[in-house]
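*Asks:* These protein sequences, in sequence, are chains L and C. Numbered per the numbering used here, the first sequence spans residues 1283 to 1709. Numbered per the numbering used here, the second sequence spans residues 1283 to 1709.
Treat the hints as calculated values from the structure; they're not laboratory data. Fair warning: there could be bad hints in the mix.
Said to hold, decoys possible - Derived pair list, reagent style DMTMM-like, types lysine to aspartate or glutamate, alpha-carbon separation capped at 20 Å:
id	chain 1	residue 1	chain 2	residue 2
1	L	Lys-1695	C	Glu-1337
2	L	Lys-1701	L	Asp-1465
3	L	Lys-1289	L	Glu-1542
4	L	Lys-1648	L	Glu-1414
5	C	Lys-1522	L	Glu-1337
6	C	Lys-1289	C	Glu-1412
7	C	Lys-1695	L	Asp-1571
8	L	Lys-1522	L	Glu-1542
9	L	Lys-1695	C	Asp-1493
10	C	Lys-1520	L	Asp-1571
11	C	Lys-1507	C	Asp-1536
12	C	Lys-1287	C	Asp-1536
13	L	Lys-1287	L	Glu-1382
14	L	Lys-1520	L	Asp-1493
15	C	Lys-1289	C	Glu-1337
16	L	Lys-1695	C	Asp-1536
17	L	Lys-1520	C	Asp-1491
18	L	Lys-1648	L	Asp-1668
19	C	Lys-1366	L	Glu-1382
20	L	Lys-1287	L	Asp-1465
21	L	Lys-1289	L	Glu-1414
22	L	Lys-1522	C	Glu-1382
23	C	Lys-1520	C	Asp-1656
24	L	Lys-1520	L	Asp-1613
25	L	Lys-1522	L	Glu-1602
26	L	Lys-1409	L	Glu-1382
27	L	Lys-1575	C	Glu-1542
28	L	Lys-1507	L	Asp-1519
29	C	Lys-1695	L	Glu-1569
30	C	Lys-1409	C	Asp-1657
31	L	Lys-1366	C	Asp-1465
32	C	Lys-1409	C	Asp-1388
33	C	Lys-1287	C	Asp-1388
34	C	Lys-1575	L	Asp-1465
35	C	Lys-1289	C	Glu-1417
36	C	Lys-1701	C	Asp-1656
37	L	Lys-1695	L	Glu-1337
38	C	Lys-1366	C	Glu-1382
39	L	Lys-1368	L	Glu-1348
40	C	Lys-1695	L	Asp-1656
Note that the structure is predicted; figures quoted are calculated from it, not measured.
Number of protein chains: 2
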Amino acid sequence: MSTIKGKAIVAQSGGPTAVINASACGVIQTCLANDDVFTGVYGGLNGILGVLREELYDIGAEDPAELERLKRTPSAALGSCRHKLKDLQTSRADYERILEVFAAHDIRYFFYIGGNDSMDTAAKLGKLAEQEDYEMIAVGVPKTIDNDLAGTDHCPGYGSVAKYTAASVLEAGRDTEALYTHDTTTVHEIMGRNAGWIAASAGLARRSDEDAPHIILVPEVPFEKDRFIEQVRRCLDKYKRCFVACGEGVKTADGQYLGEAGGQFATDAFGHRQLGGAAMAVRAIIENDVGVKCRTNRAGTAQRNAMHFASATDVSEAYEAGVAAVRAALDGVSGKMVTLERHDDGGAYRCTTGLAPLEEVANGVKLLPRAFLDDSGTGISQAFRDYALPLIRGQADIDIGDDGLPVYARLSKHMVAKKTQRQYAVG
Amino acid sequence: MSTIKGKAIVAQSGGPTAVINASACGVIQTCLANDDVFTGVYGGLNGILGVLREELYDIGAEDPAELERLKRTPSAALGSCRHKLKDLQTSRADYERILEVFAAHDIRYFFYIGGNDSMDTAAKLGKLAEQEDYEMIAVGVPKTIDNDLAGTDHCPGYGSVAKYTAASVLEAGRDTEALYTHDTTTVHEIMGRNAGWIAASAGLARRSDEDAPHIILVPEVPFEKDRFIEQVRRCLDKYKRCFVACGEGVKTADGQYLGEAGGQFATDAFGHRQLGGAAMAVRAIIENDVGVKCRTNRAGTAQRNAMHFASATDVSEAYEAGVAAVRAALDGVSGKMVTLERHDDGGAYRCTTGLAPLEEVANGVKLLPRAFLDDSGTGISQAFRDYALPLIRGQADIDIGDDGLPVYARLSKHMVAKKTQRQYAVG
């Protein structure tokens, strides 16, 4: 098998993470180092949207020092989007347009860093390329703070959000501890729409009984109001305070999200969407039914970009995942996503990369296993600690400016001249 | 003047900060080092509440290593409260009770670390002690993330919350930048009920025009809905995204807090209090009147305890303020609060401690000067940068455990036997 020569495109998709740029850096630096194969490295402005619109930029024209700094830069510096392509029948025009743009620029390598929707897009694009006899290699790089991708032990992005979340809960927990005579309870809302991996990571902050969080609510365990009220009361009896780590995707047994429960827990004031999310609903229960004051914290997008306290392990694995994607492509591998494989070397954690079929990842979702929670379902087990602790070790080394604040990369994005001679209306 | 011998008590009051324990550490270590004067060092369990209830503990019995670690521990490890004593007439029984407890334990030194309410309490207590001929020294140590205390250039606690806030806004701003095709606007709510000092610190993240935050809302500048909508629209035209740093205490010209505006901006779903605070109200305006998607972030209590990215300058000044309080007391000074004085050594920042009368601090409040904002009133000026940047320099060195998370001190709080032979009902 001879290696195809041609341009590479790298694109990011979905919600940013602290380390998606580290993966991009791994892809980019490895492509640039193999310029006998890769005749250019392009970026898609806002991911697949940029490809559809033929808004491409030349990553090879960026300052190498700024590219190197991507390793220590949060969010998606290449630009991201939430544009989801449907199946080949429904969205065939979109897939064909992508191939049209690829062909126009002789793009033969597609490195897509994202979650399962992105892997789905890459898989379908690969299939169409084969049908249409367009020689192309598509390799996926996993990315999601949610840690819910199938086929990989864990996802780049998770270790960093877990580390930051645990540290924030540790710190905010001390606030509740100091001020329990006034601010008796705190609900700390944590990202993760369908899976409780990040909410569970808050439990790492609890090294002793009195530490926060006292109750962890995850989407995988149905929320029962009466049981929750009873738990909060018991906690107040024991510690005089209660700190709740609340996954944003917590739902009742009938599948209703707490944050969207409408009249049941919180009134939707805008008609079409909830006002405050899960933490607000839980606060309403605590204030109305338990009758004590409750504060809410909700770091929002700050949590998934908290490079200032990111995991060094996560950064390094994210970079290596990017490198591995290009190495696989150089070996002629296509239709696969890079995976992270955990090895236990006599108790010491070691991680290598592997490969899984894109389709397998596209159609799977990995929820938090019940065994990672304790009997109550509102605390973590030792098995979860063993799983998660190696992922948050080490603190990522970032550049700090003279002003005392982090210095992050921003790409110049030198746009490439369009070649397809047509505007494409993105649906 | 001969130095009084007797016990010292140190107490913390009000909302925690990243460095209030550093100040306590300065007081405690300096007292313990001068045991020829201080016959013991006590803590009040939850500040003045603990004194009123005679719930005191012996700080001298703590592990010195754990006391040393207070320097790098956020929140109020001594325990805090929000119990406010009124004037001497109304709350005379409370003040007398404090003196009763002090006399019973031969407490002759009162070190109170807090905001202006605490300075007020300390001032009034000192006055009553004089009237009643109880020989006692009261010295205050400033503490507030809000930075609104009179008589001091800045307050310990501010530099750290400013550093963390600026870093979070810098990072969350990159999220909005990467995902502007979907999550077009973000409102990041920042603490500061009456003053915009912390909200303004978000502006430090904006090193270039395109950086977040594009609009800063502070309580000192009345919120005008139409003008705000216009500003957001202009920002979207220019950058395709808009990031708003929103002080929690933002209010309209008639003094109504946005977060409590009831029917005007956001519906109060629980009848007796607002659902979401200022950010939710601003989000409603952006989604309803500008018509683009808006995300909200609200770090809540996590922001004021973020020792994991605290300012080394702040930690060191907080410690020195504690030391200076004890040195002043040893010099026979009473009725004063330690202040921080800024010196400009040919452009280099230098800070020393001074003293201000407690009454002056108790009755003053220092709002963000208009000159610290730009002409629009929704951005910061160079004068503010010059003021704030030295305060956020350096990163506090914290202990990190084998688990990759910070290790913070927790006191054992060995309770002291009661001596006053009566229960006191705190009003």
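*Asks:* It remains to establish, for every hint, whether it holds in the given structure.
*Replies:* Consistency of the hints with the structure:
| no. | hint | in the structure |
| --- | --- | --- |
| 1 | L:Lys-1695 with C:Glu-1337 | violated, 63 Å |
| 2 | L:Lys-1701 with L:Asp-1465 | violated, 61 Å |
| 3 | L:Lys-1289 with L:Glu-1542 | violated, 45 Å |
| 4 | L:Lys-1648 with L:Glu-1414 | violated, 33 Å |
| 5 | C:Lys-1522 with L:Glu-1337 | holds, 16 Å |
| 6 | C:Lys-1289 with C:Glu-1412 | holds, 18 Å |
| 7 | C:Lys-1695 with L:Asp-1571 | violated, 33 Å |
| 8 | L:Lys-1522 with L:Glu-1542 | violated, 30 Å |
| 9 | L:Lys-1695 with C:Asp-1493 | holds, 16 Å |
| 10 | C:Lys-1520 with L:Asp-1571 | violated, 48 Å |
| 11 | C:Lys-1507 with C:Asp-1536 | holds, 13 Å |
| 12 | C:Lys-1287 with C:Asp-1536 | violated, 53 Å |
| 13 | L:Lys-1287 with L:Glu-1382 | holds, 18 Å |
| 14 | L:Lys-1520 with L:Asp-1493 | holds, 12 Å |
| 15 | C:Lys-1289 with C:Glu-1337 | holds, 15 Å |
| 16 | L:Lys-1695 with C:Asp-1536 | violated, 46 Å |
| 17 | L:Lys-1520 with C:Asp-1491 | violated, 51 Å |
| 18 | L:Lys-1648 with L:Asp-1668 | holds, 18 Å |
| 19 | C:Lys-1366 with L:Glu-1382 | violated, 71 Å |
| 20 | L:Lys-1287 with L:Asp-1465 | violated, 63 Å |
| 21 | L:Lys-1289 with L:Glu-1414 | holds, 19 Å |
| 22 | L:Lys-1522 with C:Glu-1382 | violated, 28 Å |
| 23 | C:Lys-1520 with C:Asp-1656 | holds, 19 Å |
| 24 | L:Lys-1520 with L:Asp-1613 | violated, 60 Å |
| 25 | L:Lys-1522 with L:Glu-1602 | violated, 46 Å |
| 26 | L:Lys-1409 with L:Glu-1382 | holds, 15 Å |
| 27 | L:Lys-1575 with C:Glu-1542 | holds, 17 Å |
| 28 | L:Lys-1507 with L:Asp-1519 | holds, 19 Å |
| 29 | C:Lys-1695 with L:Glu-1569 | violated, 30 Å |
| 30 | C:Lys-1409 with C:Asp-1657 | violated, 45 Å |
| 31 | L:Lys-1366 with C:Asp-1465 | holds, 15 Å |
| 32 | C:Lys-1409 with C:Asp-1388 | holds, 18 Å |
| 33 | C:Lys-1287 with C:Asp-1388 | holds, 9 Å |
| 34 | C:Lys-1575 with L:Asp-1465 | violated, 32 Å |
| 35 | C:Lys-1289 with C:Glu-1417 | holds, 12 Å |
| 36 | C:Lys-1701 with C:Asp-1656 | violated, 58 Å |
| 37 | L:Lys-1695 with L:Glu-1337 | holds, 10 Å |
| 38 | C:Lys-1366 with C:Glu-1382 | holds, 19 Å |
| 39 | L:Lys-1368 with L:Glu-1348 | violated, 35 Å |
| 40 | C:Lys-1695 with L:Asp-1656 | violated, 31 Å |
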